[in-house]
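Between the sequences and the hints, there should be enough to build the whole structure, so can you do that?
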Amino acid sequence: METKKLNKVDLIFEHVDPRVILTKAFKMSNDDIINEVIESGLKGRGGAGFPTGMKWKFAAGEKSKEKYIVCNADEGEPGTFKDREILDRVAYKVYSGMAIAGKAIGAKKGVVYLRAEYKFLIPQLMMELDGFHTLIKDIGYNFQIEYKLGSGAYICGEESALFESIEGYRGEPRNKPPYPTQNGLFGKPTVINNVETLVNIVIIVNYGSAKYKSHGTRFSTGAKVFSVSGDTPNPGIYELELGMSVLEFVNEFGDGDTKAVQVGGASGLCVPRKLFASTIIGFEGVPTGGSVKLFNSTRSMYNVLHNYLDFFNEESCGNCTPCRVGCQQLLLGVEAVKKGDMKSSYLNELAKLADTMKVASKCGLGQSVGNAFNSILENFREEIIY
Amino acid sequence: MINLTINSKPVSVPEGSTVLKAAEKLNIHIPTLCNHDDLCVVGNCRVCVVEQKGARALIASCAHPATEGMEILTNSLKVRNARKHIVELLLSEHRADCTKCYRNQNCELQTLANAYSYGDHLFINLIKDHEIMIDQTSASIVKDDSKCIRCQRCVRTCAELQKVSALAVSGKGCNQKISTFHDRPLSHVVCTNCGQCIIRCPTGALTEKTQIEQVWDAIYNQGKHVVVQTAPAVRVALGEDLGYDPGERVTGKLVTALRQIGFDSVLDTDFSADLTIMEEGTELLTRLKKVLVDGDKETALPLFTSCSPGWIKFIEHKKPGLIPHLSTCKSPQQMFGVLAKTYYAGKRKLNPADIVSVSIMPCTAKKFEANRPEMRASGYKDVDFVLTTRELAIMIRQSGIDFRALETDNYDSIMGTSTGAGVIFGATGGVMEAALRTAYEIVTGKEVPFKDLNIVPVRGLEGVKEASLKIEGCKKEWAFLEGVELQVAIAHGLTNADKLISKVVSGEASYHFIEIMACPGGCIGGGGQPIPTNNTIRQKRVDAIYAEDMEMKLRKSHDNPEIIAVYKDFLGEPNSHKAHELLHTQYIERIRN
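Going down the list, the sequences are from chains A and B. If you count the first sequence from 1, position 255 lands on 255 in my numbering, and the numbers rise without skipping. For any residue, its number in my numbering is found by taking its place in the second sequence, counting from 1, and adding 1000.
Source of the hints: derived by calculation from the structure; they are not laboratory data. A couple of the hints might just be wrong.
Stated by the list, open to error - Keeping only pairs whose Cα atoms sit at most 25 Å apart, straight-line, the calculated DSS-like set for lysine-lysine is: (1) K108/A with K1053/B; (2) K338/A with K1128/B; (3) K343/A with K1053/B; (4) K176/A with K1021/B; (5) K352/A with K1084/B; (6) K343/A with K1084/B; (7) K1128/B with K339/A; (8) K1053/B with K352/A; (9) K1128/B with K176/A.
To be verified - Only part of the chain B face toward chain A is listed, based on derived beta-carbon distances under 10 Å: (10) L1033; (11) L1039; (12) E1051; (13) G1054; (14) K1084; (15) E1093; (16) I1149; (17) G1173; (18) C1174; (19) L1285; (20) K1289.
As the list claims (entries may be wrong) - Far from chain A, by Cβ distances over 12 Å, these chain B residues were calculated: (21) Q1176; (22) T1299; (23) E1482; (24) L1486.
These figures come from a predicted structure and were not determined experimentally. Note that beta-carbon positions come from the ideal geometry of N, C-alpha and C, so glycine has one too.
Here it is in structure tokens:
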């Protein structure tokens, strides 16, 4: 499999002139924009990795007077803090990305759904937004963006739950199909993209898809902003080319004693030391919305798992059975095994339950609880039991 | 048409059909739980998951549309494993005290458990005994969260069908539950007590507050004379709880069963339904006269019916400004109750203090109504105990009565004779039809101009119905109504009711008389009726009601000889002073949330 050396790049935070980018984009035809995005191979940077260009194409194909562009800034995955940095430093690129998306699919309205805990950014973001609205008017284009604050629920990062929240309802996922591109915010065709994805659009327009693709691998093009945390001497935000192995990553960021890396936060996968060299960080290996957490040998993986399960136990919306009750059972189950109230073989039942949750839950939240659970259980079973 | 295969069998369904509907067409059974024909699709219980070839995750068949070329497997290993896990998960959050449960043997979770969960339970029991809190504050509804499996049928019922939203989802994850506003007790929220949530709850989490034991105590108390009244809708539904198909009429056997149980006198709410028509019809004509002749601005029109206590409480909570439009007539249950302890006591030379008045109702809101402080016009509690159709079925089973083998019998007298007009109170549009049959004849001296007295335009299960009737050939004293086009409207289910009265308030529509029943289908679809209830079953019960009407010798309330007698001997005339004291009531404004 194709792997890359660890390579730091500076595209996301690089300053560009939004007037130049937008003027360039608005001169392109809608199809050209969409084809350029498809050609770039850009996949959603929120973690799920849906091809962005295809999403736009579906939405552009829908006939509707009203369409929406929604920016998902409900950055809630444990260990992820890159959207906050992006909004703090280059919000104008996010707005520009939204306007370009709006042009491509025929939407005149955008909504940024901002995580409740990022409320402190609002004054600054609004000021920049005013500037952006002036600029876009000046260019002679019509696209209006507004902000909507979340209320603190992790589930509202799920796209359809996010729509429910914006519409004023309890944040619970909808049944799919219909998908957001057909029936999204207020029942209208909607493109919902992560903050970082939208900035990537600016990069693609600026440099062209060919140059964009020169970074990363065939399946994971471009670079990505990582939120590095845990047992590392250098925690922080790094923009790295996709496609490096976990080993490369650990060599750069580890403290010399890394025993496991959790890629993708609570809903991601745990990679143990023996798999560092053979695991690629990217869509062909372990995908991530940005969170990479390193654990050294002083950490109990039981505590790590318990912490994640505790998180899901609280943050499941409770709507569907596998997720609502499954999370409780996984948490109580590992506790019972640890205490000796249940036999260690009960972990096998729990692993099967986690598999059921992966296929039977209503939305991505419940479907990914099993990732962390099974990958930690597979590799650190003895730490869970003893 | 969409073509797909389910378990390798091809099937074609119209576009927009769900996978579940497609499977039904092939007679392939897929278990469901949160799904209910009356409600919107939520797909949250996941019991109905099936495998779609080529897809990573399973799909919820109740929520997923059938698409061209789909290949569905309903019993693959993946599906079986998931389904068993899901049922086990539901059981782990459900307090399964089945042998003591009100819903034992009529519980959808129990049925699923029988099919998919056997042997030891897989998972840890999540119910902590010391945390169990059962809300018994409501006069009508008992809410036991320890049996709740969060299917949200009750929430959807309350919001979609009734526009009340007394129940809502609160909390998330392990703390998610079905709650009331600020977790207040049910007695202190907007709940209308309609009980529609009860008949859609798949488990015993929502049940009526039963009074079976109190009724047995009264029956066994030698010093008490226990009278029982049976509502019109009970006779067309009771059979369902005793092994009959929906729509079977069991009136005669019902009377015999009540006698065998030990009630001293078996009487009929249909009688007081006829009485309601006399009072309410007169009230309507009086109001019309006040408005049309006297030009009285104080008199509110349209007149709203007041038979449905769920509807009354809805108005008191949500639109108290419309209270003047409500008829002041008590419901037939309460008219019966007050007469039982006055008129009946006098005729039978009984001390009203020794009379225990029991009613059998298709309704849970009637339990609340009987407890209203206004309902003591006789000097005693007018109706002592209210049992639902389901509770009566339990009493019949407890008595060891072989219901099918019973002889049929007739109601006792007095207050046991009725007309077809009283019977049709049980179906939506029935009160309207009964009122028109009488009012038209009072005004014109002629029968309503419909074949066999069947006023078809006001019948049926359409949510909102409108009709008009031109009044021609008036008697002298009603000359002011000559040529008037009487505009009427009917709604059932409080969401429909809300739509209708909103139109009235906004001035978009104007009527003289509006019939509202809180429950879909009217009383036959009441919250105290056998479970399950759905549109097919409601239609069968409605058909049975009209069949019962057609078989009655008397079809118009004012022809009822016992009604004529009660006015002659006791009340004087409709809307007389005495009638007002005993048969009319007033309403209050209640909290909005």
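| query | Of the hints stated earlier, which fail here? | reply | 1, 3, 9, 11, 13, 19, 20 and 21
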